[in-house]
Structures are given as C-alpha cells and as structure tokens.
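Colleague: Assemble the whole structure, with the sequences as input and the hints as a guide.
Protein sequence lines, in the order shown, are assigned to chains P and V.
Residue numbers are given in our numbering: position 105 of the first sequence equals residue 105, and the series is strictly consecutive.
With the second sequence counted from 1, adding 336 to any position gets you our numbering.
Please keep in mind that the hints were generated in silico from the structure rather than gathered at the bench.
The beta carbon of each residue, even a glycine, is placed where N, CA and C say it ideally should be.
All clues stand as given, with none of them false.
Just so you have them, the derived chain V footprint on chain P, three or more residues with Cβ under 8 Å:
| id | segment |
| --- | --- |
| 1 | 20-27 |
| 2 | 30-40 |
| 3 | 276-285 |
Taking CB as the label site, the calculated pair distances span:
| id | chain 1 | residue 1 | chain 2 | residue 2 | range |
| --- | --- | --- | --- | --- | --- |
| 4 | V | Ser513 | P | Val237 | 36 to 46 Å |
| 5 | V | Ser521 | P | Val64 | 47 to 57 Å |
| 6 | P | Trp163 | V | Leu597 | 14 to 24 Å |
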Amino acid sequence: MRIARFVGRRLLQLIPVLLGVVVLTFLLVRVLPGDPIRTILGPNATPEDAAAARARYGLDQPMVKQFLDYLGGLVTGDLGTSIQSGTSVGAEIGLRIGPTFELVVLALAVALVVAVLLGVWSARHADRAGDHGVRLAALVGNSMPEFWLGLVLILVGYSVLGWFPAPSGRVDPDTNLTPLTGADLLDAALTLNGPAFGSALAHLILPVATLSIVVVAPLLRSVRASALEVLHSEPYVAATAHGLRGRTLLRGYLLRATLARLPSLAALVFGTSIGSTVLVEYVFSWQGFGQWALRGLLYRDYPVVQASVLVIAFCYVVVFLIADVVQAVLDPRVQI
Amino acid sequence: MPEVMPETVVVGAARAGRFATVLIVTGSAILAVVALAAIVAPLLTGWGPTEIDPLGTLVPPGPGHPLGTDANGMDVWSRLLYAGRLDLGIAVAGVAAAVVAGTALGLVAGYLGGWVDDVLMRVVDVFQAFPTFILALAVAALVGNGTGNLIAVIAAVNAPAYARLVRAEVRTVRESSFVAASVTSGASTFGVLWRHVLPNSLTPVRVIAPLNAGWAMLTLAGLSFLGLGVTVPAAEWGAMISLGSPDVVAGRWWTSVPPGLVLLICVLGFSLLGEGLQERAEAKRR
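Modeller: Structure, rendered in structure tokens:
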C-alpha cells in the first residue's frame, strides 16, 4: 500500500517533467533550421505544392494552435502522423520497439549477471592480480567507442572467422517467421519455429555482445566498489568473526547487501545504454526504434522526433522509478 | 586490534596515494603523446590529412602508406595524426565551456535560492530527463555541424550536471561561518561568491571534468560516426571509422580499426587521469 502511494506520487511528479519535455521538443524542432516539407517534396516542387503539403500536415496553422492540437492528440493517445511515411507514428513505434527491446533487455541481462559475478569475485580477491585485471578491463570497457567495438566484432566474427551472419537484418527471411511482437527471438519461440529461433539467435549474438561489453564496464566497477564496502562493514566482519560458513557469508551477507545498491545504478546504466543502442543498431542495420528515431531526426519529421524524444524520456524516468521501488523492496532501510 | 588500526589506515592511505599518482601520470602521459603527435603531425607524415593519392584507393598498409589509404585515397596514418587536433580540441573546449556555464548556473542557483533556484533546477531536470548522447544527437541534428556548433553541443549537454554538482556544494559552503563573516563585514554578493564560495565549491568539478572530457570525445566521435558531427574530408576519428565501416565486411581492417584504437586509448587516458584524481581526493579525505 505504501509502495502504491509512493508510485502514485512519483508518477504525478513526472507530469511536469514530461510536459517540459513535450514543450521543449515541440519548440526546438520548429525554431531551429530544417524543413520537413522540403525533404519530402524534393527540389522541383512549386511553392503551391509546398503550401498544400504544409496545410495537409497542419503546419500552416499558428504555433499555439498546432501545439494545442498536438497536446489534445497526446491525451487521447494519438502521436500524430509521420510526414515522411504518412503512417501513424504510434503504429510505427509498435513495429520498431520490439527489436530494440529484445536487444536492450538481453544485453542488460547479460551485463548484470557478468557484472555481479565478476564484481563480487574481484572484491573478494581485492588487490591481487586477478582483481587488477578485472579493474583494467572495466576501465577499458568504460572508454570503449561502442560503434567501433561492433565493427571489430563484425570484422572478426563475420569477415575473418565466418561464424556469424552478415550485419544486415535480424533473422533469415527463408525461415518464414510470423511476426507477433517484433522481437524475433520471442516470436520464433512463441510460434515454435526452430530454424527462425536459431537464425534470430545467431543475428543477436554480436550486437548483444557489443552492447553488453560497454554496459558491463560501469556496472562492474560499482558492484566491485559496493561489495568491497560490504566486506569491510561491521555486520560482515562480525559474521566472519562468528565463524559462519563461507556459503552463508556469501549468500546471506555479501550478495544481498551488494545487490541492494544495484537498482539505482542499473537505471543509470540503462540510460547510457539507450544512447549506445542507437549506435549499435546503426552498425548492425538493426531496423529498430533507434534507427527510426535517427531517420526522423535527420528528415526533421516533426511528429516522429517529438514522439521518439517523448518515448525515450518516458522510458528513462520510468526506469528510475522502477529502480527506486526495487531498491525499497530489497533494502528494508529505504524509506519511501 | 584498535591499536593497530591507525597505522594500517596510514599505510593504506600512502599506498592509495602512490597508486593515484601512477594513474595520474599514466593518463597524462597518454594524453600528452596523442596531443603532441597531433601538433607535430606534419613532421611525422609526408601526406596531408585530406591529400588524395592519385595512385589508389583502399591501398593496404605498405611502404608508401604505413596504414594504407581509405576509400577516398587519403593516407590513414596522416589522418590519424591530424584528427587529434579536432577530437581533443572540440572535446576539451566543449567540456571547459560546460564547466564555466554549469558552475555559473549552479553558483547562482545555490547561493540565491528561492525562485531563481527553482526555475534553474526545473530546467536542469528537463535536460537530465534524457541520456546525454540522445540529447547531443537531437541538438546536433537540429543546429548543424560546424566546429563551433559541436563545441556548443558538448557544452550544452554536459553543463546541467555541473550546475547540479556545484549547486549542492554551494548550499553547504553557503552555511559556513567564513561566508557569514564576509557577508556581515559588508562584502558584495559578487565578492563573496568569487572569493569564498566558488573556490570552496569546485572540488568535485576538478575530479569529474577529466572523465567528462573522455565521454565528450566518445560523444563527438559517435555523432561523427552517424554523420552528425565532423564530416569527411575533415580528419576526425569518428568520421574515419564511419568512412571505413563498409570495408569491415570485406575484411579490410586498416580504414576503421586504427582510428577507433587511438580514440579508445585517448579516452582511456582521460579515464585514468580522472580515476587517479578521484583516488587522490578520497585518500585525502581519509
């Protein structure tokens, strides 16, 4: 009940921030240079054509009217119509979000597991060779340009070794996968399509590896630091002094206390991973949300830019909210 | 046990201090080498960064071209050296501008408080509702990609974090007795801010700024990779990687692997420097 009230209050606090995001993006795309109409009509369009197109998308209306129309649409769940493709922005997002979610969720899952295992191991072997190796690797991972790492993995995994499929597409079209959610691996599993599952998995390995390597680095560093802090904390030292068994120490004292600090960190890392996802999708021609948003941005497709910015901001703040709730559940000391 | 404690703490602090020095020296050395190579580039290569070799595109590394040529027939080694000028220059200038702007905002918000603080911090909230790279992407796509614009983009996306950081420090410093003494002795608001509050609120900024410069390089290279930052033919590592990316599928490594490697090493230099400064600050606090 307390948690429900907390979530409710936080959701209310989100409204002004998101409203600010909406106003800011709406103004920015219109004030700054670039014209969506010119990019769809091409160089030979007459001024009359341009005026007609402008009227069709309501761009001839006064700014305040345009904004109120847009806001009215948002309230009823209508994100507008893409100027580039002429289709509903909401439908396009539905199509593009699945592949991106698949990529991000898998990469974050891999990164979390690796970060916890390696981070705790490293802390327990602090200041020995293995620990130094892990720390150096994390530092390198933290400095890694993800788009370049993706290219290097393609060079090695596809061009040299030939173990993985070419970086185009997400599943072999010959496998006749029926799309349900857009997340190909999930769709293949749901429709019991074995060949498609294998193909989707093969296509996923390199981009997921790229994304997890850059995501794991900051996580690993923090897990190690907090595990180290727990190892030196009074409760842990007391537990060791009482001669508790290693397994009890590890599970009951070290892991739980270390994990309690993880959610807020994971949320922060999720934020950086959104930026990396745009780059990784670009490298692997993933055709996900990131590439769609990037194209919208390049063509000044106002409704697409507005919607994608809003979606990203929304995901970002909601993930922070989820992190706070998980933290409260894991750590009884947190008051919400 | 308690008798031993102080000594171990001192030994630990001394070791941490030495380790911090190693990190700082290594990081600075890496950055110095890259910067120096960029400055004396004309001495290290006979090719200009945008000079086209009429004899061939995508020539593999060999005697004439130590790292081969790219798809435009430009010498990769030469471009690699010259690129440091733009990459380091834009990142460092952008972060410096972010520090100045963010510090000024944080100082005003934290010291004045009230509605000024409220308004500034709500604006910061909106900026921080986005991941940095996404924000940089959006702003860069909208304002266009001159060198000055890119510096402004780096500054704009990083300034909010400094504003928040400095504001938090200022709010603590503001309450200290030396500030109160200065105010009661009739010093002007500006005088108090400049002489007392500012110098005592900059510690976290000094630690964060080098790390930030490393991320700024990654941001810049990422933008260029997507075609929204520095564009070919100008020599910049991200743009070089972008130009070389189609070659990777054909197994040609020399157009995109070297620039990424140098970028990685350079960012690592900033990371080591920042890490060292952080360790030193922590060792001092103990």
